[in-house]
Amino acid sequence: MTLADDRRIAPEQIAALHAECGDELRRLALGVLHDAHLAADVVQTTFAKAIELGHTAEESLRGWLFRVTLNEALALRRRQGVQARALDKLAWLRRGDNEQGDCELPDVAIGRREEQERVRAELQMLPSEQRQVVWMRLYEQKTFAVIAGELNVPLGTVLWRMQAAIKKLRRRLQMEE
Amino acid sequence: MIFDEKLLFEAVRYALEEMTPPERDAFEERLADDQDAREALAVAVKLCETVTATLDEMAENAENMANRRPREYFDRSFAVNDSHLATHVERRWRRRAAWTAMALAASVLIAVMVAGIGRERGPNLASPSTDVDRQLAVVWANSPAITELSDVGDAADDANSVNAVLDSTEPDENDGPSSDLVPTDRTDWLLEALTASQRHEQLFPPHAATRGEG
Numbered sequence: 114m115t116l117a118d119d120r121r122i123a124p125e126q127i128a129a130l131h132a133e134c135g136d137e138l139r140r141l142a143l144g145v146l147h148d149a150h151l152a153a154d155v156v157q158t159t160f161a162k163a164i165e166l167g168h169t170a171e172e173s174l175r176g177w178l179f180r181v182t183l184n185e186a187l188a189l190r191r192r193q194g195v196q197a198r199a200l201d202k203l204a205w206l207r208r209g210d211n212e213q214g215d216c217e218l219p220d221v222a223i224g225r226r227e228e229q230e231r232v233r234a235e236l237q238m239l240p241s242e243q244r245q246v247v248w249m250r251l252y253e254q255k256t257f258a259v260i261a262g263e264l265n266v267p268l269g270t271v272l273w274r275m276q277a278a279i280k281k282l283r284r285r286l287q288m289e290e
Numbered sequence: 014m015i016f017d018e019k020l021l022f023e024a025v026r027y028a029l030e031e032m033t034p035p036e037r038d039a040f041e042e043r044l045a046d047d048q049d050a051r052e053a054l055a056v057a058v059k060l061c062e063t064v065t066a067t068l069d070e071m072a073e074n075a076e077n078m079a080n081r082r083p084r085e086y087f088d089r090s091f092a093v094n095d096s097h098l099a100t101h102v103e104r105r106w107r108r109r110a111a112w113t114a115m116a117l118a119a120s121v122l123i124a125v126m127v128a129g130i131g132r133e134r135g136p137n138l139a140s141p142s143t144d145v146d147r148q149l150a151v152v153w154a155n156s157p158a159i160t161e162l163s164d165v166g167d168a169a170d171d172a173n174s175v176n177a178v179l180d181s182t183e184p185d186e187n188d189g190p191s192s193d194l195v196p197t198d199r200t201d202w203l204l205e206a207l208t209a210s211q212r213h214e215q216l217f218p219p220h221a222a223t224r225g226e227g
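One line per chain: the protein sequences are A and B, in this order. So that you can map any letter, position 157 of the first sequence is 270 in this note's numbering, and since no number is skipped, the others follow by simple counting. So that you can map any letter, position 140 of the second sequence is 153 in this note's numbering, and since no number is skipped, the others follow by simple counting.
Check the hints yourself; a few may be wrong.
What the hints assert, rightly or not - Cut-off 30 Å, straight-line C-alpha distance, at most; resulting in silico cross-link-like pairs (DSBU-like, lysine-lysine):
1) A:Lys162 / B:Lys59
2) B:Lys19 / A:Lys281
3) B:Lys19 / B:Lys59
4) A:Lys280 / A:Lys255
5) A:Lys255 / A:Lys281
6) B:Lys59 / A:Lys280
7) B:Lys59 / A:Lys255
It is worth saying that the hints were derived from the structure and are not from the lab. Being a predicted model, the structure only gives us computed values, none of them experimental.
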């Protein structure tokens with residue numbers, strides 16, 4: 114065993130890091146790539162690098178993993194060229210969710226269901242104009258500009274309603290975590 | 014971690030591709046240097062995933078409800094109408110059955126009455142010519158001349174004479190049964206009967222018959 118091998122992060126620690134922030138890293142990559150398969154590849158590459166180079170991190174290991182994941186995602190996106198623009202621009206959100214659901218553990222699935230229940234409850238409590246913007250943007254996949262045109266309100270109003278709704282939904286999710 | 018709501022919304026706009034190219038480049042530069050920005054992007058994606066999945070499920074449930082409720086309503090409505098219809102049909106069937114039974118009974122009664130009348134008039138209708146001939150024969154046989162003949166002459170000859178008359182007589186088809194019942198209309202028969210009586214007297218004088226009886 115070499116000196117470098119001695120300084121490497123133990124496999125148990127890598128596994129604990131994967132359980133702790135693997136899902137967050139996948140979402141970070143997904144936010145950049147908009148492709149679930151590529152995001153999963155990026156996370157795998159990140160943890161492979163963590164095994165090799167994690168011990169060299171000058172920051173927290175969590176921050177290091179996030180930074181490596183972002184850099185890998187941006188690099189992959191540059192290699193892939195211009196992002197493929199699917200007709201369903203938010204398909205990556207649904208596809209990523211479904212693919213994850215196929216292999217997730219029962220307790221994870223239960224946690225996901227509970228999250229959806231909380232989101233549903235919060236959606237019911239939202240003011241109708243905020244709920245309408247959330248519906249039109251995330252379900253009907255209309256841009257904020259289109260929504261503003263259809264509702265005959267300024268774009269800033271639509272953005273403000275969406276931001277207010279996101280704030281409440283995030284608080285509801287974070288409050289339960 | 015204390016979230017910057019503005020940063021979170023920027024991350025949401027970045028994830029939803031709602032940024033202009035300069036805004037996107039600026040945000041990606043921030044992502045490279047700011048762990049909060051990276052974590053905000055991860056949270057933004059999670060939020061969008063969860064809300065989208067929830068909205069999809071709500072929409073699916075709404076569609077199912079929209080498809081099921083009218084169906085259930087109509088099914089229930091049809092079930093009620095079916096029961097009413099069944100009751101109505103049953104009542105109508107009973108009414109028709111009663112009328113049919115009454116009509117059948119009346120038909121049987123009429124048939125019995127017609128059969129009874131027909132039985133009373135049956136022989137005339139069945140064989141008018143034969144009955145008329147028999148009646149005429151009876152009338153002719155009971156006529157005074159024939160009576161005298163039967164009193165005087167040979168019974169066998171009398172029978173032969175009557176049979177000969179019956180055999181030689183053709184019934185008039187133009188005459189109805191009621192007219193046939195009147196013996197006075199049959200004058201040719203009476204004339205023939207009288208002629209036969211006279212021939213009988215010529216052949217067998219009254220004194221000879223008296224002598225024979227004595």
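Are the Cα atoms of lysine 280 of chain A and lysine 255 of chain A separated by 30 Å or less? Within the cut-off at roughly 20 Å; holds.
Given hint lysine 280 of chain A paired with lysine 59 of chain B - CA-CA distance at most 30 Å: holds (13 Å)
Given the hinted pair lysine 59 of chain B and lysine 255 of chain A, is their Cα-Cα distance within 30 Å? holds (19 Å)
Holds or violated: lysine 162 of chain A with lysine 59 of chain B, Cα cutoff 30 Å? At roughly 24 Å apart (the allowed maximum being 30 Å), lysine 59 of chain B and lysine 162 of chain A satisfy the hint.
Lysine 255 of chain A and lysine 281 of chain A were given as a pair; does the straight-line alpha-carbon distance stay at or below 30 Å? OK: lysine 255 of chain A and lysine 281 of chain A at ~21 Å, within 30 Å.
Measure nothing beyond the straight line between the CA atoms of lysine 19 of chain B and lysine 59 of chain B; if it is 30 Å or shorter, mark the hint as holding. holds (17 Å)
Is lysine 19 of chain B within 30 Å of lysine 281 of chain A, Cα to Cα? Answer holds: lysine 19 of chain B to lysine 281 of chain A is near 13 Å, not above 30 Å.
In this structure, none of the earlier numbered hints is contradicted; all agree with it.
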